[in-house]
Amino acid sequence: MTTLAEDVGDLYQAVILDHGRKPRHAGRLASFDTSAKGDNPMCGDRVEVFVKYGADDTIGEAGFEARGCAISIASADLMAEVVVGRKITDTRAMFETFRQMARTGECPACDDAMDRLRPLAGVHDYPSRVKCATLPWHALLAALDGEGRTSSE
Amino acid sequence: MTTLAEDVGDLYQAVILDHGRKPRHAGRLASFDTSAKGDNPMCGDRVEVFVKYGADDTIGEAGFEARGCAISIASADLMAEVVVGRKITDTRAMFETFRQMARTGECPACDDAMDRLRPLAGVHDYPSRVKCATLPWHALLAALDGEGRTSSE
Amino acid sequence: MNDAFPAPGFDIARIRADFPILSQTVRGKPLVFLDSAASAQKPRVVIDAMVNCMETQYANVHRGLHWMSERTTDAYESTRDVVAALLNANDRTEIVFTRNSTEAINLVAHSYGRGIMKPGEVVLISEMEHHANIVPWQMLRDSHGIEMRVAAVTETGELDMEDVAAKLSDNKVGLVAITHMSNVFGTYVPVERLIRLAHEHGAKVLLDGSQAVVHRRVDVQALGCDFYVFTGHKLYGPTGIGVLWARHELLEAMPPFMGGGDMIDSVTFERSTWAHVPHKFEAGTPAIIEAIGLKAAIGYVQEIGYEALSAHEAALTDHALSQLATVEGLRVIGQAQDRGGVVSFTLKGAHAHDVATLLDRQGIAIRAGHHCAEPLMRRLGLDSTARASFGVYTSHEEIDALTTGLNRVREFFV
Amino acid sequence: MNDAFPAPGFDIARIRADFPILSQTVRGKPLVFLDSAASAQKPRVVIDAMVNCMETQYANVHRGLHWMSERTTDAYESTRDVVAALLNANDRTEIVFTRNSTEAINLVAHSYGRGIMKPGEVVLISEMEHHANIVPWQMLRDSHGIEMRVAAVTETGELDMEDVAAKLSDNKVGLVAITHMSNVFGTYVPVERLIRLAHEHGAKVLLDGSQAVVHRRVDVQALGCDFYVFTGHKLYGPTGIGVLWARHELLEAMPPFMGGGDMIDSVTFERSTWAHVPHKFEAGTPAIIEAIGLKAAIGYVQEIGYEALSAHEAALTDHALSQLATVEGLRVIGQAQDRGGVVSFTLKGAHAHDVATLLDRQGIAIRAGHHCAEPLMRRLGLDSTARASFGVYTSHEEIDALTTGLNRVREFFV
Ligand SMILES: Cc1ncc(COP(=O)(O)O)c(C=O)c1O
Ligand SMILES: Cc1ncc(COP(=O)(O)O)c(C=O)c1O
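Protein chains in written order, with this note's numbering: chain A, 141 to 293; chain B, 141 to 293; chain C, 640 to 1053; chain D, 640 to 1053.
The following block holds chain A by itself, in its conformation from the complex (with noise of 0.2 Å):
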């Protein structure tokens, strides 16, 4: 018989738990140009990101605020993460390939840059908790374009 840790090992990777349990990033920043709320109708699922704009278009600070779990509040922290100092259309493209990976659990399009988030790609096997880890994003994104608030789908 295969121990638990063996059969999820995928999914929940040393690092997600990591940051699932100590996460980085939480908190509101004191102070911030942009802001989102996500939520997931499904699940209760809840995270609010802040965004403190740097210079040429970058992501200056990123912080967020969440209730959920553990994939959801690591997704958030490795994302806030790996934003900060990145070109805002960068970003937006980075989310495409994590969406992208997390549905698939392959990634073709993944450089450098992707490799903080490749423990993620464990949940493709669980189609439900795939929202999970893209909830954070969402939000980031609404809060870039402004909008304040979104779901995940």
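Keep in mind that a hint or two might mislead.
[What the hints assert, rightly or not] To give an idea of the chain C side of the interface with chain A (calculated C-beta under 8 Å), a few residues:
1. Leu704
2. Glu709
3. Asp713
4. Ser905
5. Glu909
[Claimed, not checked] Pairs of lysine-lysine residues, derived as DSSO-like cross-links and limited to a Cα-Cα distance of at most 27 Å, are as follows:
6. D:Lys987 to A:Lys162
7. D:Lys987 to D:Lys668
8. A:Lys177 to D:Lys811
9. C:Lys987 to C:Lys668
10. C:Lys987 to B:Lys177
11. B:Lys227 to B:Lys177
12. C:Lys757 to C:Lys811
13. D:Lys757 to C:Lys757
14. B:Lys192 to B:Lys227
15. A:Lys227 to A:Lys177
16. B:Lys177 to B:Lys192
17. C:Lys987 to B:Lys162
18. D:Lys811 to D:Lys757
19. C:Lys757 to C:Lys806
20. A:Lys192 to A:Lys227
The hints are simulated quantities; they were obtained by calculation from the structure and are not laboratory data.
Positions of the beta carbon are idealized from the N, C-alpha and C atoms, including for glycine.
The hints should help you fit chains B, C and D with the ligands onto chain A, whose structure is shown.
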């Protein structure tokens, strides 16, 4: 192979075919005390029954106008035949006996007065046709109750 | 007898073998089922899909984080893709599941009718509508101050396009709601022309495809209509499932019809917000097993192919019309140019109900009555007709059996 | 381990063998299905009844004069008798078939709410309602000027009867709409008391029996309620079929909800008249195959008997509560005195979704989320809970498997 006549003989007895084709009591009475219409919404059968009261709470004359199948016209015609001269209360009781017979094919309560109606017992084998046989009676009772309109259900 | 040959490659024996019920006997006679327009029989693949769901992969949808629920959700939602492909919808989110056509039309009457249309606007229907496409508009008229107009039908049983044009001419019609194929005459309505005309006058168009989608390929984008409805049980699928297709922007603008689980985004006691289209219109646990059955039914029809199916049914209809013409005293009601496999008729001296019962005694199932189209019957000066209707499994021999049966009825009765 | 013994004569192995799906494996593990409150699995007799209908005796109902239609109509209508007996309704005409509980409540909100209630009247619900018993009343409030009040739930997850009394005291409440059994806590509401109180204040009572009827004998006449709703798929029946029971005189007074075939008496373009109750509320082709499945499901439950079933589930619930208490960091949400086989819980340090996924990996299906009761979650200061729920086929071993599974989750996660 049986002939169609053998197959449906129970339902389409000679007396029914005869009264269905050549009803004796069809037509609006020249003068009448009460009347009522009956509809079968499922199939579009329509009948209107006219009654002229006789002495001592009896039915003096009865007539009907109908659009419908052989069963409903024969039933209306035989009904008009048997109720004339009969006490109104007896007529009501007769309908109960008739309805029972039409539904079950059995008629433990049948007396001589029911003899003319017995050929209609065959409808019990065709549940959707039972209403064809009972519709004129529903209209008759509605007329006696002064209700003007009824529908068989 | 078989002067009209079935379409090449259409193996009727094999198709009949797909429908378990067709080997039943009725009153000791082999079943001849000519009442498919009321509801069609179910092929083995539909039954199997439903059984398979219940035996191996069943749970509630959209809510579960576990394997059974995820798999059932996939199966349910993939029916939406299949229906979208069937109708060539632009987007899968344009497919809303309902109980049947009737609920789909009521949904539009409630939500679009009350939510978007303004009192004083007009709904235009026709004289040959099924009650499902009359009564919801009457209820809307009586509760919301909408006017209802009725376009005439010609003596041949076709939509009177001049009357349609006249009734559209004051530009007050907001919605034209018309059958794509008559369930009484078998007439196909010239919907392309109708839609063009309606749009020119600023009216949206709802097509009642309950009959049409069973017999012909439907392409909502090519047609250009705004709403399309059909019902699963006539398309060889289970009862309890129907479809509303509508343009995405219409669904977006429409308020929900029913409230409950699955149709919400978030709920507080003060205020709730709605889920995205199409979920906004699907309150509560949907007809999951039935959707899965419908998917199998559509797959079955597509495997045969609408070309083969239409050709088969056209041949059957020709055969039926020529055979029925040989029965003395029989009059076919409705002589449309463009028609499908639904034939209404009267038999001189015999009421339609008696005809139906006498045919039933011979194992032949037809329908008799007003076909849920009372106003049309009144227009025709009839109280009822007999109706034989055909499906993919109907054979030329069954039509011959009907003809023989009718001759026996005539002999017995007349 | 089996300190709590099943009810005598309750042969769980035999019952489990009646449910084909229970022998499936999930992710390589035997399925442990503890999500019956979302939707129950189907016994062989239900599957067989549906298959038998489709293979041997299927046609549309109410309209056909032929054998298949007559037999199908009999089978469909006899389900009404079976449901009437199940609920001990006074009369079979008090049973209206809907798609599910959600539609049944929406029917009442539309027809009774808009047709009979007056603006300014109040609908009283509770904090522990399912969205299906919240959103329709909000929509009625917003469209028809009805006030909506919400009775509180106590810390133990019971209905706060003092608050109910307070909210009834001004006699403005026209309708109390409350769950008979909570789908989150498993709490049974003291409905007899509630109904007496409501009637004293002139209010009618609707009970949402979606959960209750699965576990307990329901007698609407003994209860004295005015409306009762339930949904077939939770009672081991198919999806696509639900039930509204209401007193005959209420149904008589209520206007129809949807319009179409089967619900009319006669139709002219000027005016239509409605069929008798209950047909007035059943527009279009009903869920025929599903009604026949529901009849088999009710027969199945009645053969086991509510006494045996309730005893089995009470033993299971006791066992579950005592087993779950051994899991470190696990907190059961809701400690009602009178409760059934639905247990919500949280696990310290692990989010409910992660718990559900990790259990799923072990073949154990539970639900996690807000259970379509968002306002209740908010009231509890939670965003979600995990929920295990039991059915007639749930075994003590499955509860032990859940406990073991949860301990493994805790070890892995915490
Ligand atoms: C208490 C309660 N009410 C209503 C419902 C809604 O049932 P359905 O989705 O079948 O309409 C449910 C189940 O989802 C429930 O548990
Ligand atoms: C043209 C047409 N419209 C609507 C309907 C109603 O379909 P349903 O009863 O499945 O809602 C029918 C069939 O009864 C029909 O033939």
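Does the structure break any of the earlier hints, and which numbers would those be? Hints 5 and 8 not satisfied by this model.
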